[in-house]
Amino acid sequence: MYLKMAKRNLNRHILRSILALLGIIIGVMAISSLGILGGGLKQGIVGNFEGVANFVVVFPNAEEGYLHFTKKDVDKLKKLNCVVIPVSSKTDVVYIKGKNKKAYTTIYGIKKEDIKYLNLDAKNKLTDTTVYVDSFFADVHDVDTGDMVVLKNISFRVENIYNSSFFVISQNSIILSEKTYKRFYGDNYSMIVLYVKNKEDINKIKNETEKIMNKKEKTVIVLSMDKILQSINDVMDKVSLFLMGIGGISLLVAGIGIGNVMLMSTIERTKEIGVMKSIGASKRDIITLFLYEALILGVVGSVIGAILSLGVGYLVVHYLLSSSITMESLIYVFLGILFGVGTSIIASLYPAYKAANLDPINALKNE
Amino acid sequence: MIELKDVTKSYKMGGEIIHALKAVNLKIKEGEFVAIMGPSGSGKSTLLNIIGCLDKPDNGDIYIDKIKTNDLDDEELTKIRRNKIGFVFQQFNLIPLLTALENVELPLIFKYRNTLSEKEGKEIALKCLKMAELDEKFASHNPNQLSGGQQQRVAIARALANNPPILLCDEPTGSLDSKTGQKILELLKKLNNSGKTVVVVTHDLTVAKYADRVIHLRDGEIKI
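Here the protein sequences come in this chain order: A and B. Position 92 (the first sequence) corresponds to 92 in our numbering; numbering is contiguous. Position 85 (the second sequence) corresponds to 85 in our numbering; numbering is contiguous.
Just so you know, these hints were derived from the structure itself, not from any lab. Where hints are given, some of them may not hold.
[As the list claims (entries may be wrong)] Below are the PhoX-like pairs computed for lysine-lysine, each with C-alpha atoms no more than 25 Å apart in a straight line:
no., chain 1, residue 1, chain 2, residue 2
1, A, Lys78, A, Lys199
2, B, Lys111, A, Lys354
3, A, Lys271, B, Lys12
4, B, Lys56, A, Lys4
5, B, Lys79, A, Lys354
6, B, Lys111, A, Lys7
7, A, Lys179, A, Lys116
8, A, Lys206, A, Lys71
9, B, Lys56, A, Lys354
10, B, Lys223, A, Lys271
Please put together the full structure from these sequences, using the hints given.
Next up, the structure:
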């Protein structure tokens with residue numbers, strides 16, 4: 001009966017109820033679609049870094065005057081339980097054949113058999129007469145597989161285009177085989193990448209590397225991605241929270257709307273409440289009645305809002321971030337519903353309390 | 001059934017203290033039909049509110065069905081209203097959202113919550129409508145589809161729902177034409193004959209014809 005009365009009462013002022021409902025819908029939509037957006041953002045960004053999470057990267061400590069590694073350094077690290085990938089790099093000019101264009105770019109020298117560890121999305125095998133080109137470089141200079149680039153007057157065929165993994169290989173770059181690189185620039189390594197199969201071992205490998213290399217003075221800097229990944233994760237979680245906070249503001253406004261509707265309803269129904277009290281309604285009955293109304297607004301609004309936000313979230317995540325909605329995003333939808341219903345109930349607590357505590361005599365006199 | 005001992009009540013209105021009731025002593029026996037008459041401002045509505053546990057006196061004791069009500073808390077007063085008293089108002093005061101039958105069911109819901117099945121509730125409500133002599137075909141009507149007399153019958157049925165021993169009526173004929181009013185009074189008399197204690201506050205002199213006793217109230221005091 002309470003539910004019936006609550007429904008009919010909301011129907012009595014249908015336009016007002018719809019407006020209050022709209023507030024909740026927009027609020028829930030804002031909170032959950034911004035949550036989904038944050039989640040998608042995080043997934044997109046973290047996904048970019050996920051490929052390098054298995055790396056420990058060792059740089060020479062330039063502050064102490066160490067600029068590159070030698071073969072001896074590489075050998076020292078070989079006793080670690082991981083794949084040791086020496087990487088050389090230099091900036092140089094590359095000509096693009098047939099386009100009469102030159103480009104400054106970072107040139108990497110990597111052993112042919114090591115390339116597969118670097119998560120470059122490169123399938124074909126690198127040879128001593130071919131190069132790999134980064135997708136960014138390829139885009140900017142309009143280079144495709146099969147084109148020729150010229151380095152130190154020698155032509156190389158572009159064998160493959162890779163997606164650089166930021167941390168290890170920079171974006172505007174090309175990769176040569178180690179042998180070819182050595183022929184041009186000599187024998188020096190600008191960094192050593194350690195590929196650790198098991199992410200849990202990363203810290204151990206890091207410590208051991210420090211022990212081996214930094215015996216007397218700090219000759220190397222050791223970095224791993226897991227820490228960075230974690231801090232990116234933290235930052236992205238905060239971004240999500242912030243976005244949801246913005247959504248929360250709209251929900252707050254919706255809550256004020258509901259509170260207002262309920263308060264008006266209390267005032268309009270003063271006499272009715274007085275009658276109900278005189279025929280035996282307790283405070284609890286009156287509060288229940290009002291909370292049912294808030295609950296209807298909250299549940300209906302939240303569910304509609306959640307459905308719409310799934311739609312909006314899907315569009316945003318799919319087309320803007322070109323990733324997909326994750327299970328984590330569904331948590332935001334659930335949170336949106338929770339906040340929507342919670343807001344409606346909290347907003348109507350005061351009006352309900354006020355109605356329950358009306359003096360029945362004054363309420364009855366009210367016309 | 002109802003006993004008031006030295007009941008006083010005053011309230012402030014526009015900075016002026018109004019003594020609505022001055023040491024009122026009153027005894028109403030079980031099964032009595034009592035009319036309380038008096039001009040406006042004589043304190044008769046205040047008296048009815050105090051008997052009906054809607055208002056508390058400043059001083060004095062009140063007994064309803066042997067229960068001393070003047071120092072009960074809100075919740076206990078609610079229970080007395082629910083179980084001992086049926087209210088009938090001048091303006092009928094039906095809940096416009098509910099059908100006639102649902103209006104009658106409402107006090108049952110307040111009393112029994114979920115312990116009474118819907119079917120039982122409906123049966124009791126229909127029985128009450130019958131006692132109030134309203135045709136069953138009006139049960140599903142909304143209050144605004146009913147005439148004044150019919151609405152007052154629904155209100156009386158509602159007052160009967162929890163089978164209270166006392167009916168308190170505040171100007172029950174005040175909004176009705178004299179013929180309809182008379183029929184309502186006949187109904188109240190019938191209910192009185194079936195055992196209900198009926199207290200009617202009114203201006204209407206015809207009420208006196210039906211009452212066992214008329215109490216005149218003037219300036220907060222009873223004049224016999």
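Given the hinted pair lysine 223 of chain B and lysine 271 of chain A, is their Cα-Cα distance within 25 Å? With Cα atoms ~33 Å apart, lysine 223 of chain B and lysine 271 of chain A exceed 25 Å; violated.
Mind checking the alpha carbons of lysine 271 of chain A and lysine 12 of chain B for me, to see if they're no more than 25 Å apart? holds, 21 Å
Lysine 56 of chain B and lysine 354 of chain A: Cα distance at most 25 Å? holds, 20 Å
Does the alpha-carbon distance linking lysine 111 of chain B and lysine 354 of chain A stay inside the 25 Å limit? It holds: about 22 Å lies between the C-alpha atoms, which stays within 25 Å.
Lysine 78 of chain A and lysine 199 of chain A: Cα distance at most 25 Å? holds, 18 Å
Holds or violated: lysine 206 of chain A to lysine 71 of chain A, with C-alpha atoms at most 25 Å apart: Holds: lysine 206 of chain A and lysine 71 of chain A sit about 20 Å apart, inside 25 Å.
Take the C-alpha atoms of lysine 79 of chain B and lysine 354 of chain A, compute the straight-line distance between them, and say whether it is at most 25 Å. holds, 21 Å
Straight-line Cα separation of lysine 56 of chain B and lysine 4 of chain A no greater than 25 Å? violated, 33 Å
Under the criterion that the straight-line Cα-Cα distance not exceed 25 Å, is the pair lysine 179 of chain A, lysine 116 of chain A satisfied? holds, 17 Å
Taking only the CA atoms, is the gap from lysine 111 of chain B to lysine 7 of chain A under or equal to 25 Å? Given that 25 Å is the threshold and the Cα spacing comes to 22 Å, the pair holds.
Checked against the numbered hints listed earlier, the structure breaks hints 4 and 10; every other hint is satisfied.
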